[in-house]
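Colleague: Build the full structure now, drawing on both the sequences and the hints.
There are 2 protein chains.
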Amino acid sequence: MTTVRKERIGFIGTGIMGSPMACNLLRAGYQVTVYNRTKAKAQQALNAGAVWADSPAKAAQETNVTITCLPDTPDVEAVLLGSGGVLESATEGCLCIDMSTISPAATRRMGETLAKEGVQLLDAPVSGGQKGAIEAKLSIMIGGPAESVERVRPILQTIGRTITHCGPLGSGQMTKLANQVMVIHTIMSIAEGLAFAEKAGLDLETTLAATVAGAAGSHSLKVLGPRIIAGDMKPAFMVDLQLKDLRLVMEYSRQINQPLPGAALAEQLLRTLSAQGRGRDGTQALVDVIRGLGGGRVQV
Amino acid sequence: MTTVRKERIGFIGTGIMGSPMACNLLRAGYQVTVYNRTKAKAQQALNAGAVWADSPAKAAQETNVTITCLPDTPDVEAVLLGSGGVLESATEGCLCIDMSTISPAATRRMGETLAKEGVQLLDAPVSGGQKGAIEAKLSIMIGGPAESVERVRPILQTIGRTITHCGPLGSGQMTKLANQVMVIHTIMSIAEGLAFAEKAGLDLETTLAATVAGAAGSHSLKVLGPRIIAGDMKPAFMVDLQLKDLRLVMEYSRQINQPLPGAALAEQLLRTLSAQGRGRDGTQALVDVIRGLGGGRVQV
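Just so you know, the protein sequences line up as chains A and B, in that order. Letter 264 of the first sequence, counting from 1, is numbered 264 in the working numbering, and no numbers are missing. Letter 224 of the second sequence, counting from 1, is numbered 224 in the working numbering, and no numbers are missing.
Please keep in mind that the hints were generated in silico from the structure rather than gathered at the bench. Any given hint might turn out to be false.
It does not matter which identical chain is used: a pair holds within one copy or between any two.
[As the list claims (entries may be wrong)] With a cut-off of at most 35 Å between alpha-carbon atoms, the simulated DSBU-like pairs for lysine-lysine come out as follows: (1) Lys-41 to Lys-131; (2) Lys-116 to Lys-234; (3) Lys-39 to Lys-58; (4) Lys-222 to Lys-244; (5) Lys-222 to Lys-234; (6) Lys-131 to Lys-222; (7) Lys-116 to Lys-222; (8) Lys-137 to Lys-222.
Modeller: Below you can see the structure in the form of structure tokens.
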């Protein structure tokens with residue numbers, strides 16, 4: 001049963017994450033106007049009832065809320081502030097929700113520029129991957145004023161399950177980066193733990209069974225441990241995306257002057273995979289880097 | 001209701017872990033003879049009905065099964081093979097279960113020496129800490145022949161909840177070390193993740209709420225995250241014990257020639273706490289090392 005809602009949403013960036021998110025908004029009854037650099041990637045959303053726009057400015061026209069879901073900082077800057085961008089057509093009182101994972105500092109700068117024209121920016125990066133996007137179970141970390149967060153909460157509830165207001169603009173991005181710091185360590189945990197166990201001659205399934213429920217337990221061990229044992233390097237989250245997030249982490253850690261020796265090392269080891277042409281493998285492939293250091297068997 | 005069982009168990013090492021384990025054996029109806037270097041630490045077991053012996057040899061006398069639960073490799077070597085040790089009194093067909101966390105290679109060597117006298121060694125290190133020992137909820141990782149493992153399983157079921165047969169002698173220790181590799185990375189995860197979040201000005205409770213249920217989730221984040229937020233550095237697991245386990249990890253990784261760059265770095269950072277006189281704090285105190293690197297607030 002679909003309720004037709006008055007609110008029209010501009011949605012810019014219908015990639016792996018954005019496409020299912022736009023579809024979930026349509027399914028919830030919102031009218032969605034989409035724009036994507038490569039039109040073909042918007043097809044799923046168009047099939048689900050979205051209206052096509054020829055530019056970000058046109059997608060944002062006559063909408064109160066524009067959502068962006070883009071690869072990186074410069075993409076968001078171009079779409080919001082560039083030629084043919086959202087700012088060209090947005091009217092006073094409009095809200096932009098940037099659900100990309102980008103620089104917190106750039107987010108705050110863009111927020112100031114938009115505010116001068118009466119447009120408010122919220123940052124709302126997500127965690128949960130493509131599966132979470134498809135199933136509308138994303139964890140959404142929002143930064144911005146509380147009243148604006150409450151205004152968009154009904155929209156976000158149709159695409160995510162956990163919606164956390166993290167603080168002022170930029171806090172969503174910072175929380176996402178803290179999340180990614182934690183994630184890379186849990187991936188290091190299973191990569192070094194299982195490579196060590198394997199080199200020691202242990203049976204990996206038994207090792208997994210003995211460790212997953214105890215002090216060594218983690219989401220990564222539970223989800224990625226069995227994939228490593230099965231030799232399945234398909235991505236739950238791609239190496240190149242984790243590397244992009246770690247670049248943002250290390251950039252921001254420089255800005256706030258916070259050394260992260262472990263995350264820095266993990267970034268270097270993960271980068272090995274990208275250098276070997278395995279950037280589109282899942283992050284569990286880090287186990288092959290550790291295996292390789294020990295001269296062990298490596299999946300390629 | 002206590003069933004009196006015929007089987008008599010020698011129990012050597014009634015420390016933080018051994019004392020509640022011996023008490024659980026007594027509670028299950030076993031007759032237990034205890035020895036400990038410092039007799040005062042055996043008092044709880046003696047109060048619970050254990051019989052005192054003046055040496056490991058005397059504790060092992062007239063028992064079929066002797067359990068050792070000792071701090072480190074040399075302690076186990078002295079107790080099993082040294083003067084007044086278990087081997088002096090053990091008779092053919094006896095079993096020794098070493099529940100200490102010690103060197104896998106030394107375990108195999110001791111197993112060979114004992115086997116020449118008809119005494120069989122099993123390695124059965126535990127995970128779960130003092131709380132797990134008290135509540136008889138330890139995870140026990142055993143190495144040794146399957147038929148011997150089955151013979152002692154009823155005994156181990158009275159002190160542990162998960163009993164995993166990991167392979168031949170030494171496999172229990174290797175699995176425990178793999179477990180500790182994983183654990184230190186999850187502690188690094190929360191130390192760097194929360195120190196980064198704090199330096200970025202985020203509210204840590206909100207950060208924890210936004211991250212713990214997702215891809216960043218781990219046992220350490222769930223259990224130790226709230227302690228860090230509360231400034232509670234009391235040990236669930238002590239820094240000095242984790243350092244001892246990491247020494248065993250790094251020793252063994254040298255023997256099998258398996259580089260573990262992340263665990264090696266984590267050991268160095270954790271060692272900072274020991275150097276600062278904080279070896280008896282909980283491992284969550286690693287967050288203070290990372291905070292300190294960034295010039296942030298540190299609990300002492």
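Colleague: Take the hints in turn and mark each one as holding or not.
Modeller: Each hint, compared with the structure:
{"no.": "1", "hint": "Lys-41 to Lys-131", "result": "within (17 Å within a copy, 54 Å between copies)"}
{"no.": "2", "hint": "Lys-116 to Lys-234", "result": "neither (45 Å within a copy, 50 Å between copies)"}
{"no.": "3", "hint": "Lys-39 to Lys-58", "result": "within (14 Å within a copy, 82 Å between copies)"}
{"no.": "4", "hint": "Lys-222 to Lys-244", "result": "both (24 Å within a copy, 27 Å between copies)"}
{"no.": "5", "hint": "Lys-222 to Lys-234", "result": "both (16 Å within a copy, 28 Å between copies)"}
{"no.": "6", "hint": "Lys-131 to Lys-222", "result": "both (16 Å within a copy, 24 Å between copies)"}
{"no.": "7", "hint": "Lys-116 to Lys-222", "result": "neither (47 Å within a copy, 42 Å between copies)"}
{"no.": "8", "hint": "Lys-137 to Lys-222", "result": "both (18 Å within a copy, 21 Å between copies)"}
In summary, the structure is inconsistent with hints 2, 7 from the numbered list given earlier, while agreeing with the others.
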